[in-house]
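With the hints as constraints, model all of the structure from the sequences given.
Chain by chain, the residues:
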Amino acid sequence: SQKIEQNSEALNIQEGKTATLTCNYTNYSPAYLQWYRQDPGRGPVFLLLIRENEKEKRKERLKVTFDTTLKQSLFHITASQPADSATYLCAPLETDSWGKLQFGSGTQVVVTP
Amino acid sequence: GAGVSQSPRYKVAKRGQDVALRCDPISGHVSLFWYQQALGQGPEFLTYFQNEAQLDKSGLPSDRFFAERPEGSVSTLKIQRTQQEDSAVYLCASSLQSGGATSRQPQHFGDGTRLSIL
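For the record, the sequence lines run as chains A and B. Residue numbers for the first sequence follow our numbering, so the first one is 3 and each next one is one higher. Residue numbers for the second sequence follow our numbering, so the first one is 966 and each next one is one higher.
These are computed hints drawn from the structure, not numbers from a lab. Note that the Cβ used here is the ideal one computed from N, Cα and C, for glycine as well.
What the simulated footprint calls covered on chain A by chain B, stretch by stretch (three residues with Cβ under 8 Å from a Cβ of chain B suffice, anywhere in the stretch; the number is not a length):
id: 1; region: 39-50
id: 2; region: 101-114
The following residues of chain B were derived to be distant from chain A, with all beta-carbon distances above 10 Å:
id: 3; residue: Pro973
id: 4; residue: Asn1016
id: 5; residue: Lys1043
id: 6; residue: Gln1049
This is the structure in structure tokens:
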């Protein structure tokens, strides 16, 4: 069966450091992979989409990589700030999926000053 | 408003009661999705609409769950004879395009309805 694994343990990191989150998937052949941020009591907010033929994508302090051989995406937050504290969700998507998102359980990031 | 709006934000019901949850998507968005999120988990897909057509309802947990979008805009998720296991946050999301292009589109989520069944 299809499975998406994200580190369930919270990632505690000091302000200014780089946070690296992992998303592993099995039994998927995703054409795209999306990353979302979710704050407590709020809905997820879209951050980045990376395509299968893109190795890396950047947006401001965020960087995402996508390795279809390893079946893994890495999400980096550089120069982290306390405002980056949230839960981050990944969602691999296959082309014929109607856009139906299947999420990992998310990784909580806590950035301390 | 500019975003996806869901109401009510909180709903408490007794086991066995029927509930209705409303979603107002972003105006003009063709695709609408419902998700269920349990505490500490990622959202799980329930159903998908393209305009008024319900194209995928494979995630609905039982026949007690019913969703509609009669005019292709506002959607309602109804749960009949609620059970305690229905307690969760119900999220609605919309995206601009439909079909294969939907996979490339960001989904815009509302803040959800937190449903508690006593």
